[in-house]
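Protein chains: 4
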Amino acid sequence: MIIILKHGATDEQVDHVIERIEAMGLQPHLSKGTYRTVIGVIGDEEKVQTAPLMAIPGVEEAMPVMPAYKLASREAHPQPTVVEVGSGSAITKLGGGHFGMIAGPCAVESAERLDEIAAAIKAAGANILRGGAFKPRTSPYSFQGLGEEGLKILREVGDKHGLPVVTEVIDPRHVELVAEYTDMIQLGARNMQNFVLLTEVGKTHKPVLMKRGMAATIKDLLMSAEYVIANGTTEVVLCERGVKGFDNACRNMLDIAAVPQVQLMSHLPIIVDPSHATGRPELIPACALAAAACGADGIHIEVHNCPEEAMSDGPQALLPEQYATLAAQIRKVAEAVGKTF
Amino acid sequence: MIIILKHGATDEQVDHVIERIEAMGLQPHLSKGTYRTVIGVIGDEEKVQTAPLMAIPGVEEAMPVMPAYKLASREAHPQPTVVEVGSGSAITKLGGGHFGMIAGPCAVESAERLDEIAAAIKAAGANILRGGAFKPRTSPYSFQGLGEEGLKILREVGDKHGLPVVTEVIDPRHVELVAEYTDMIQLGARNMQNFVLLTEVGKTHKPVLMKRGMAATIKDLLMSAEYVIANGTTEVVLCERGVKGFDNACRNMLDIAAVPQVQLMSHLPIIVDPSHATGRPELIPACALAAAACGADGIHIEVHNCPEEAMSDGPQALLPEQYATLAAQIRKVAEAVGKTF
Amino acid sequence: MIIILKHGATDEQVDHVIERIEAMGLQPHLSKGTYRTVIGVIGDEEKVQTAPLMAIPGVEEAMPVMPAYKLASREAHPQPTVVEVGSGSAITKLGGGHFGMIAGPCAVESAERLDEIAAAIKAAGANILRGGAFKPRTSPYSFQGLGEEGLKILREVGDKHGLPVVTEVIDPRHVELVAEYTDMIQLGARNMQNFVLLTEVGKTHKPVLMKRGMAATIKDLLMSAEYVIANGTTEVVLCERGVKGFDNACRNMLDIAAVPQVQLMSHLPIIVDPSHATGRPELIPACALAAAACGADGIHIEVHNCPEEAMSDGPQALLPEQYATLAAQIRKVAEAVGKTF
Amino acid sequence: MIIILKHGATDEQVDHVIERIEAMGLQPHLSKGTYRTVIGVIGDEEKVQTAPLMAIPGVEEAMPVMPAYKLASREAHPQPTVVEVGSGSAITKLGGGHFGMIAGPCAVESAERLDEIAAAIKAAGANILRGGAFKPRTSPYSFQGLGEEGLKILREVGDKHGLPVVTEVIDPRHVELVAEYTDMIQLGARNMQNFVLLTEVGKTHKPVLMKRGMAATIKDLLMSAEYVIANGTTEVVLCERGVKGFDNACRNMLDIAAVPQVQLMSHLPIIVDPSHATGRPELIPACALAAAACGADGIHIEVHNCPEEAMSDGPQALLPEQYATLAAQIRKVAEAVGKTF
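Protein chains in written order, with this note's numbering: chain A, 33 to 373; chain B, 33 to 373; chain C, 33 to 373; chain D, 33 to 373.
For reference, chain A alone in the conformation it holds in the complex:
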């Protein structure tokens, strides 16, 4: 921790800060500049992190020097984590050179429709099937998902096509239920800082797909991963899916630099979801290829066989044939940067 005092801080204020530091069993290291005084704090950074040092009169800033996301940090775990999703013959790996191709409809609507979509994406090279059974909708009047019925359909269709499945949970009371049916639990962007849900999901020890919140910094994202890991699940895949931007021509702004940033700061795999990032099918292919080229550990794309009838997010879905074309291009680019399938 580095404590920067305000210009003009009094000797009493400096002494008071030093006392507080020593009272915590830490060692202050004073550096008087011509303009400001700076105090380095040596000792157990964790003790210091949670202390409200900035509230002490005379303190301008208190800057931690160690990341607060300990378990998620690259420093704690220099090798990339490889997350295994699924079991038996249907196992997909993400991270450490392994590339995930997650695809499927926004919501599970019926067994027939999901079966058709699953067959198509499997043929195109997808290796994880997605589909929502519990949908977080901005309007209380919109379709909220099929619930447990949707989970059953997802499981059956996944098994039939040899695809591990991922689905979102939005209620801590449903975590156990969802965990029973799925191979990977999705935490949605709107729930990235729903710490109650993070805690429950962490306890399942299932692989997690954590989407970045719309106003979350990379540090915020890693802090949320830390919640999950601290509660028991070490297999967390992060997902960049666009953040809030100022240009409404796009649904969100895809922060492609998040991929190398996460890889520098953390050992966790990071994938990209160009469907939610852009909300516009005509922009998805280019953004998916960008993600593959910049080293993402996977791509998440929404696919629907009749977008105009979709019960959720139809306008942003690719058609199965569009996905097939794109999947082949993604594979080519991902292989060019060293991924294996």
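Heads up, some of the hints might be wrong.
Claimed, not checked - With a Cα cut of at most 30 Å, we get these calculated DSSO-like pairs of lysine-lysine:
hint, chain 1, residue 1, chain 2, residue 2
1, C, K64, B, K371
2, C, K102, A, K38
3, A, K184, A, K235
4, B, K64, B, K192
5, B, K154, C, K364
6, C, K102, B, K364
7, A, K251, B, K251
8, C, K251, A, K251
9, A, K38, C, K251
10, A, K154, A, K125
Just so you know, these hints were derived from the structure itself, not from any lab.
Following the hints, position chains B, C and D against chain A.
Relative to chain A, chains B, C and D alone:
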């Protein structure tokens, strides 16, 4: 609904859009421009709102003309809603000219400390006591609140000082418990789109304090209020508490124009929280006065009697004496724009 | 300057950083933490500021401890600057308790129209007349202003009504011409970092009205003021006029906290322009009152007597009668927080 | 143009709007919905674009249906524009499958240094040399460039190595001078809406490299290109270089989706500058590859042979050897998506 077709949409595409509209029992009204074709859709807008019209080939944009937040809209309810918080002799009103002065520590830390703070803010003119028992913290290693013990302390201290109380709920499984102890339930910024929690809180029929999410538009905020109202609670107070900004010199960016915007679009009261909006005590007074002048229905401020010992958000708390000075100024400005206390 | 080394920086890297610092005639002060090494740099901060210390291998961050905007800083000049605009009997002061009421049309369109508007705003209490003669328009096909003819009209109408005038300059080749006709030179938001223009304007020694750029931090704004001051003009009035936001319901997002922030960091007056900040007449009054309450040194409002015929920005203009009502309220609120008129 | 009236607009208001439209020689087409009235305006959209229709009482919104950037639009010019930079044997093409590799130091510092860098980037495959002679610096105390001396050095070094050159102009009075020495004129991000400069640069008929402003939407960018084209230069290359973001861990936020968006909306080539977008050398390679994969028409990268001595932006420069490695990867990815070199 207005459907704008792409420049160059084919006759088949136009016909297909018209068929879809008629199939929904609605009436299309075609307007062929020199550059684009536009279709007005006449009939029950609600049916149309949830249809994925933008997914139909040839459609450029589908724009609703009626707000999707029906119950929360000013049009549905032209008179301002007055929310009553508390019971018996300790009732505080917000909205329709009534002004709420919500104050208290970020977290309930102990009965003694809360009692001291409550006495001070009551004397300064506050009319609702806040204090967190369940804290949504970005780090799993931070203090998470006293839980039910905190709720008890809050209730007792509120009763002792004749102050209705408000506290946050973060877990749908705790909604009933929290509702038992509090006069008003807070939904935090990070949970503004936690629709499961919104639904449970709506069912309690308790007044709600809903904070705006960090990347939420005003429309998003009103859609979340709609969730609560649609589930039973009509008494929702909205709270502008700063949105994500690009200048890290401030914790968030206070969107002061949200106050008149909400008042144009909705009948619900809107208050301002300059503590979270700025995160810096030296900016809080000016921002609080701005909020009072622009017609906010209340001000929410964090107060602590020893910020450097606070277990949460100490650096942004005002001291009781700072609050007392500010409260007098707020009252003066609020009265100047027609509020009653 | 504080230099924070990367975790794991080698001894050679540390030595190299120290050598570089000493080579600049400065004194390094080493502080080895358990996790990171930090070097305080003591001596002439200015020498250090412009050095690319962050480019040295092993350096994680190089943080200045002194503001880079020396002349504009509060520390260099603890007393608020009072800017005087105009001459003879028509002098308006801004800052140090003096409040500027700047009003007028977006563009000067004709002598008659400007005369009518000027008479109305003068009667309402405005003390500076604005009007654009050179307009920075986003479309090359839009009205670009009357040029010198507009400057002449502005000067004559201002003189007739005893109002000092302010107008924008957008071309460094016109600075002298504009300075001849006007009492105060406006630098628009889009030109806040047009350093060539800033330099030329600074040389005129005329009072300047500098609008904040749409993506400028407060520090950026003060750096631009520094350009003007360093070139000769010490009388700079800053103007918060909304920054880029993510909610397109408003033209921009009014950053009201910029007012107290500027006042903490600088001695320069800061005013608010709610017209450009919101772009919507129905939001202007509330935002103007907010600005007055939070301590702004003035308010800038666009007024037009027939917005639907305005040649620029009509939709955001207030009518003269709306301005009159608002001006009376602004004065009341500004007086309540200690301003004089 | 589509005019949406406010809910509850009176008949008089509707009639007034219709009269105004007819007075402009246009044809209104009324569509009365159950909730709102909408008026389609048929006729010459250009006449309508600049009219302040939104200022008419009762109008909620006035939406153009035709892009305001006519000359820059894809609709006006369906085939991609190929921009040729340079002359004689040193010609580089961008657009329509041709890929530009622009590289060089932020500022021209000396003939020797530039010569060394140019030799290195040429060997690595760069096909345009960049270097600033007039630098827009945020501090008046920073190095402002070598001026004409810098232009001469750039020209000589470019010629020696057979590389066309690009350099920034920041002053309309220098446009002719700069045009004399350079093959392509750069308009910097801070000057994207410096319409005076845009106009002068357009008159030179030289190829232009236009960087996107930090708060500019894609439409804003195309409107600025329109300025240049309307003044004479049809060869404009656009450049995405990161926009203002909320996460300060990165200098800016690279909006990668801007590439396919521009390609849908315009015929102009679009390149990416990952150096300014990230400001961090460790993120540049991944972002450059992303840009190549998503179809950008070129990549702009800052290269310096001794970043810690650079007089401008050293910390974000790549070393020549880093650039060589990256350039080979870029070429591979760009070829994979169909570009030629």
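Tested hints:
Between C/K64 and B/K371 the CA atoms are separated by roughly 57 Å; this puts the pair beyond 30 Å, and the hint is violated. Our distance criterion of 30 Å between C-alpha atoms is met by C/K102 and A/K38, whose separation comes to about 16 Å. With a C-alpha separation of about 22 Å, the suggested pairing of A/K184 with A/K235 holds against the 30 Å cut-off. Between B/K64 and B/K192, the direct Cα distance comes to roughly 69 Å. Violation of the 30 Å bound is thereby established for this hinted pair.
Proposed proximity of B/K154 and C/K364 is supported: the alpha carbons are some 28 Å apart, at most 30 Å. A C-alpha spacing of about 37 Å is found between C/K102 and B/K364, which places the hinted pair above 30 Å, so the restraint is violated. Between the alpha carbons of A/K251 and B/K251 the distance comes to roughly 28 Å, so the proposed pair stays at or under 30 Å and holds. Among the hinted pairs, C/K251 with A/K251 is consistent with the structure: their alpha-carbon atoms are about 24 Å apart, no more than 30 Å.
For the proposed pair A/K38 and C/K251, the alpha carbon gap of about 17 Å is at most 30 Å, so the pair holds. Simply put, A/K154 and A/K125 have alpha-carbon atoms about 16 Å apart, close enough for the 30 Å limit, and the pair holds.
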